[in-house]
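Engineer: So you can see what is in the structure, the chains are spelled out below.
4 protein chains.
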Amino acid sequence: MRTSAEYREDMRKMKPNLYIGGERAGRDDSRIKPGINVMSVTFDLAQDPEWEGLLTATSTLTSQKINRFAHLPQNSYDLIQKQKMIRLLCQRVGGCIQRCMGMDAVIALSIATKEMDDKYGTEYHRRFMDYLKVYQEKDLAGACAQTDMKGDRIKRPSEQADPDAYVHVVEVKDDGIVVRGAKISITMAAYADEIIVIPTRALREEDTDYAVAFAIPADWEGIHLITRPVSVRERKEIKCPFAEMGVSDSIVVFDNTFIPKERVFMCKEWEFGRRLALLFADSHRHSYSGCKPAVSDILCGAACLVAEANNIEKVSHVREKLSEFAGAAELSYAAGIAAAVYGEKTSSGTFFPNSIYANVGRRLTGETIFHEFNLLVEIAGGLSVTLPYEDDFSSEETKAWLEKYIMRNPKIPPEVAHRIWRLVENLTASSMAAWYEIAGVHGGGSPIMETIALNQEYDYESKKNIAKYLAGIDKELDQSKDLNTKPTFE
Amino acid sequence: MRTSAEYREDMRKMKPNLYIGGERAGRDDSRIKPGINVMSVTFDLAQDPEWEGLLTATSTLTSQKINRFAHLPQNSYDLIQKQKMIRLLCQRVGGCIQRCMGMDAVIALSIATKEMDDKYGTEYHRRFMDYLKVYQEKDLAGACAQTDMKGDRIKRPSEQADPDAYVHVVEVKDDGIVVRGAKISITMAAYADEIIVIPTRALREEDTDYAVAFAIPADWEGIHLITRPVSVRERKEIKCPFAEMGVSDSIVVFDNTFIPKERVFMCKEWEFGRRLALLFADSHRHSYSGCKPAVSDILCGAACLVAEANNIEKVSHVREKLSEFAGAAELSYAAGIAAAVYGEKTSSGTFFPNSIYANVGRRLTGETIFHEFNLLVEIAGGLSVTLPYEDDFSSEETKAWLEKYIMRNPKIPPEVAHRIWRLVENLTASSMAAWYEIAGVHGGGSPIMETIALNQEYDYESKKNIAKYLAGIDKELDQSKDLNTKPTFE
Amino acid sequence: MRTSAEYREDMRKMKPNLYIGGERAGRDDSRIKPGINVMSVTFDLAQDPEWEGLLTATSTLTSQKINRFAHLPQNSYDLIQKQKMIRLLCQRVGGCIQRCMGMDAVIALSIATKEMDDKYGTEYHRRFMDYLKVYQEKDLAGACAQTDMKGDRIKRPSEQADPDAYVHVVEVKDDGIVVRGAKISITMAAYADEIIVIPTRALREEDTDYAVAFAIPADWEGIHLITRPVSVRERKEIKCPFAEMGVSDSIVVFDNTFIPKERVFMCKEWEFGRRLALLFADSHRHSYSGCKPAVSDILCGAACLVAEANNIEKVSHVREKLSEFAGAAELSYAAGIAAAVYGEKTSSGTFFPNSIYANVGRRLTGETIFHEFNLLVEIAGGLSVTLPYEDDFSSEETKAWLEKYIMRNPKIPPEVAHRIWRLVENLTASSMAAWYEIAGVHGGGSPIMETIALNQEYDYESKKNIAKYLAGIDKELDQSKDLNTKPTFE
Amino acid sequence: MRTSAEYREDMRKMKPNLYIGGERAGRDDSRIKPGINVMSVTFDLAQDPEWEGLLTATSTLTSQKINRFAHLPQNSYDLIQKQKMIRLLCQRVGGCIQRCMGMDAVIALSIATKEMDDKYGTEYHRRFMDYLKVYQEKDLAGACAQTDMKGDRIKRPSEQADPDAYVHVVEVKDDGIVVRGAKISITMAAYADEIIVIPTRALREEDTDYAVAFAIPADWEGIHLITRPVSVRERKEIKCPFAEMGVSDSIVVFDNTFIPKERVFMCKEWEFGRRLALLFADSHRHSYSGCKPAVSDILCGAACLVAEANNIEKVSHVREKLSEFAGAAELSYAAGIAAAVYGEKTSSGTFFPNSIYANVGRRLTGETIFHEFNLLVEIAGGLSVTLPYEDDFSSEETKAWLEKYIMRNPKIPPEVAHRIWRLVENLTASSMAAWYEIAGVHGGGSPIMETIALNQEYDYESKKNIAKYLAGIDKELDQSKDLNTKPTFE
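Chains as they are written, first to last, in my numbering: chain A, 1 to 490; chain B, 491 to 980; chain C, 981 to 1470; chain D, 1471 to 1960.
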């Protein structure tokens, strides 16, 4: 497994195909360092013996110890470990660990390539497994690029005024394919080793060219990353882990980009567009049952801390608000556990979470995120957004006043109080706050997407049958489908 | 295992110590028949080979096949089966299966008696196990009587103006004890074989006499059941399962009642008042992760059915509302699964659900129940509460008009339409509706009780530590407590 | 103005065209007495000098003092008085005062008939004013029959399999018209003097026959009322105003009913279908800004009372819940005030509430009603649905026990405690509770109907213009339309 | 009335007593320019004949035309005009107009000084009116400094470890007083002419020194403003009004500051601490019924615009979300109107809004603000927080790609699409977004403060009386208090 130092070194070697604020830049640009710091934690903790078996797993391909982010889950326990690993890491970096999207893309491709081969006699699964072997051995970090620009939202890919609104195959050659289009809102692409491309949505026959999946180095010829980094205002004196971390999102432009054959995992099999898109989405929604509880944990911890600073920890309405974080965190975590316990073995051997639980869990997280920030803000008070800048706390002219007046709970010395309020300000009143709120709504699909997924997959008919039985319309009630299933660990 | 016919016969033999509407009554009173019908389903399905292993279990005491309602769970799987059994049965009877309270009391006593013996050298566990052996062999149905009258809510038992506000020990004799007081809102007591009494709340030393637990036949000398039956208006022609079912709650008066020694499982061990009360409460909150999803299933099914009758099944806002039932049902079910997966083996050998998940799950169900009735009502329309009586549908003068005008979706014939609307009316506009709404809030403890439980047990300190680490106040972060645990099935 | 005694006498004289529970009945049937009791309060308080000017108004037709329920509002003040009168009366009868629908139908017809005449040269306004003069002089109580059976909800009237799914004109004669069809969920029809019929919805040219409005005595030839009465369980000893009151809803069948010309106020003017339907709906939604605050007042008062009985009045979460009733009541009342202040004078001279405020207010009430019952139930506890029957409180065998155990707050004697719990049980756990919940959602149009109305009428374009200005897309911002208006009282 | 040019010139003349990011600064510092731009709009529109009578009023002191921000409301109409003016201006500047706090402080002092004089025979009212005359004539902009540092939240001022935790009188001299302490979160102080100081909270006798109110120039000797400016990232090419606007909050340090006698309006009258604090709070909560609807208008407009850009304007769930903005805006606006209509004339002649309506309105706004941002974000999609920087849209290397891919709705050209997304990004994903969310919760008092206010002032007793009457506990019901009041315009 790579060390974080090796990862950083690999980043430095990449070709400068980033564009940030009007300039071309390489991975050594200081604005993406916060993202690289996040990524590094996924390498560092995998080396920590304490987390052996949680951050690491045994490869099903090589039987070697690998980072769990490159592992194909084999059973319920693997999915529960995945969830737990994500919660652990997200607590460490103060939020999104970012590396899950690549993991979920790998999981989805392992399944869909097998199913395509079974149907069409293609060789995608072999190709992908060869690719995955290297991916595991080199301990690569992949960004998943799914979301297309989309153009007109109510038109399908082939109906768009601009055919490039969705990434598509422009040409098929003997040794590979040429693709064009752009993917947006691609988190982590700017400091990933690889970019893994899959379709956004269900496709129809006329959308054939839009059925395309592949993986490619992030600095490959013909790939351009227009990147927006987000982090909190840099600390000068009161350094801390939270302020070192950040994120970047990119528009990934494919400008007639050539993809070698061995890296192409879907090419025109439009019938599998929906399947591959949903496999990724559901796997990623399951990942949210790990990361979102950590976000709640962090907000809850900050709320406890600032309540202590305000000396209102025992106040009744504060206690009730704190318990809401517990509810939000543990209900979504429970949804992930249920998804694991009632998951299924796919034909590829990869074990996949139950989609109903993955969706009800993810929807809950998307519905509560703004409210949780609201709770923290209510407990913290207005100071979270009116706190003077750090420099004023060190400037000779103002330091004494601020140290005097920042004190509330007399047990908490000024510097600690300052650190608490600065964390709360960073969490709630920075552009990082907005990132967490908005990613919390949209990452993995916004609540309306989970509602749509549920409406397609939930067994309403069995519920209707219950009502028909109770109403005396049907004389019998068959409950075996829902209630004769067993948890997978039994 | 008893058949339902045997259960009914046993009921008929009991002494008439019920009081209903100003009259003394026996178990053959027609007003409690709907409750007996519910109970019967728990016997009938245990005989059904399809549900072998779900409604039945192997006794840890006798290795015989027993009804799962009398079983002590031994592992995660047993808890998941318990949840599933409850959901199954609740779907069948159109709501509360009622027999869980006895089961949860048995589970709680199996644990607390062992812990008391370990601390005090008492013999409660042996006594209780002897009792349980008979309970299992005779396949008895026990009602748990926990909630005391309570008197002034802000005073403790020993501070009350009337010392009988909580059930308490009046006298200790060689061969048993004498108790006095009353328990209220005791569901199913009117058609239970046994009444199992446990304390309501945490106790202090001065409350010693209030620390008492025992089990006793429901028609025992000195026990009086003032009973309120609830059911829907009886059907004359369009019979159906839902209309056959109902419930009764009783005030159980202990009027200087003698309890034989072998049936006393706690006597003055006030330090275990809280423990026993919470063991029951948490076990019962876990049961709600089985029954409340069934209530959502029923409401969801009725909503689907009436949406079809209104021909609005495809309307966007209806679809969104239907998906809310899916969320409510599966999130609370998932909480139960997580409680099972992260449960713990107690010293008695009984396997107990994780209390955090049991509480977040139960709280969710208590918070959503009124909203779910609201959803059904919104989809159904005002007719649910303005539907003419059944007789008008059969009366010569009005039959033709009603059959003509009840039709909405032309695919649904008048009688079926009538059955659908009658079910919806029974579900939403009857006193049964109120029972489900209010029991849905308060049964097992209202949301505020779970909030209190969470605030006592949730590990806020570990969350605060995360915030301290991220703020740079602490240099290290120990995550092992939360995240190095394993699911119990591994 | 009539006295309530005269009203009751008039009822007794009517022909028996009610059908209740399979029997034909007259207005002397005891099952509709609770509704007649409600209606009587509207006559009694109009005689009370304290409420002169609130329950009474000066007729614009005759300059006589009339009951405000028959008055055409002339200005903001009249609308505010209307709201206030409704709140007053609803507090008195423990909920819906029922007579508003007739009032709102009269208001709507006064406006629409004038507008039709202006467009078509018809004489509906004159006819209606002649009718109204008698209506005022005789102090009649009219039920508004708007909601049709509707048949298939996604089809228009003329598209239905059964042409009678909506009430329509079957034949036009020289001296009147013949109509057929049925109206459902018609509150108060069973004890109204008159039934006032208006269309349910917007109509198209092909729906011409469905554009019909008229008023007719409730016991007119060819009119049949299939009636469902709702009230709480009759009290035997602890009588009280709440238990005397109730409501009935009817299906009103028009079986080729002849309507004399002078009572026809719309006949085939399909372009005014939407206008008349909305005039009634918006006027009635404004009425909800009077009645729903009263329902909140009642629930709030009961919650205060039962909190006192439980001695938890000062508990923090109880205080917060109580304040939610204040919010619900006063926000919807405020919406009514704003609707009055920004109302408009129509061509008929009738002053009409602003529809935006009428709709946001009514929507709020429809969204909160179930939650308010939930709040009361949470404060009251489970006893609200498990309280033994009244008879058990007077029976010799059980009286002493119940009087002993009903006591919680020692300052409240048993009978008062019993009265409090009985009221709470009546309010939350009776079929009357369901009626208030469901009518609270659907009466005047459910929240989704107000959402649709808002989406048709709210000036989103002006909001979009603000965004365009702020984004620099448009250089100017015209705010005069919204913000140069004046309140009508200035 | 001043022009904005004169206001800007006056700012330039002030002494540099700001501290921003470690540096001392004057009012010409570019970082506070966005705030000065906001303030300027209040001067500019007062000159606009279109808004004569709305932004202007006739002084009760001089009968001259003055800016309404310096006006004492005399009747309901004045309060409604105040609300309307605020909504108008907030729409213009894209949010908070900031100048209200000074206005509400002036209103509060006009009333409290009169009441103190009436009780104590002091001369505060004369002093204040003399001051106000100049304030009106010079058209000054005052910042209200109310919120103290507060120290330990559960201790009173005189109990604090640091006596300076609340601003207090250190010394009383013949010609004035000396004060010490600090006020935090003081919006607009950095570019105000005057700072108006009032107490934060109710006081007891031991807190006498903390009862102090005065007004003083913002650059007075002994006043120091540690200032945190907030604005969006500066635009380079696609300029727009929203990006020109911003805000600053300051910690205002009083370091043994001398306040001349004529500017002192309360000095040790501790019994009026609560009254003055609440007068300001309630007046300011009424102001929120003007500004918060404008914030909803802006978010609604942006949501409409971005829905158009996504071409999803007609989608059902989008329509429902849009209507929520209408509800939020108009319910809080209605609460303001009701507060005006049921306001009261105080002994000073100043007309004051009804506090119940002011509080239910403000609470609603505080409860919905985060949700409204959530709604906009859901409609906009993730791009709001991943949009590349403006420079990338003009850089030669990336411009063509971004212009190509930003297009969704083909009717909207790239620059307009860019402007829309940039506005949405500014609104939702900037530190300005956090400012609006958090100020939306806390400004004027967070929801829990309004709950406390309601629980003190709402007439729960009258509601309890209704319940007692309905339950038959009381035989009579006196409704005259609530329902015999008249709107003030009648």
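Hints should not be assumed to be uniformly reliable.
Unchecked claim - Reference excerpt, derived from the structure (chain C facing chain B, CB under 10 Å, subset only):
1. 988
2. 1041
3. 1045
4. 1156
5. 1158
6. 1162
7. 1231
8. 1235
9. 1292
10. 1418
Bear in mind the hints are in silico, worked out from the structure with no lab data behind them.
Predicted model only: the values in this text are computed from it and were never measured.
For glycine and all other residues, C-beta sits at the position ideal for the given N, C-alpha and C.
Engineer: Against each hint, give a clear statement of whether it holds in the structure.
Structural biologist: Checked hints:
Because the beta carbon of residue 988/C sits about 24 Å from the nearest beta carbon in chain B, more than 10 Å, this interface hint is broken. Look at residue 1041/C: its Cβ only gets to about 34 Å from chain B, farther than 10 Å, so that hint breaks. For residue 1045/C, the shortest C-beta to C-beta distance to chain B is roughly 35 Å, which exceeds 10 Å, and the interface hint is violated. For residue 1156/C, the interface hint is violated, the least distance from its beta-carbon to any beta-carbon of chain B being 23 Å, above 10 Å.
Proximity of residue 1158/C to chain B is violated relative to the hint, the smallest CB-CB distance being about 17 Å (cut-off 10 Å). Satisfaction of the interface hint for residue 1162/C is found here, the shortest Cβ-Cβ separation to chain B being roughly 5 Å, below the 10 Å cut-off. Taking 10 Å as the C-beta contact cut-off toward chain B, the hint placing residue 1231/C at the interface holds, the least distance being around 6 Å. The beta carbon of residue 1235/C comes within 8 Å of a beta carbon in chain B, closer than 10 Å, and the hint placing it at the interface holds.
At its closest, the beta carbon of residue 1292/C sits 5 Å from a beta carbon of chain B; the interface hint therefore holds under the 10 Å criterion. A distance limit of 10 Å between C-beta atoms decides the matter here; for residue 1418/C the minimum to chain B is near 4 Å, and the interface restraint holds.
Against the hints set out earlier in the document, violations occur for numbers 1, 2, 3, 4, 5.
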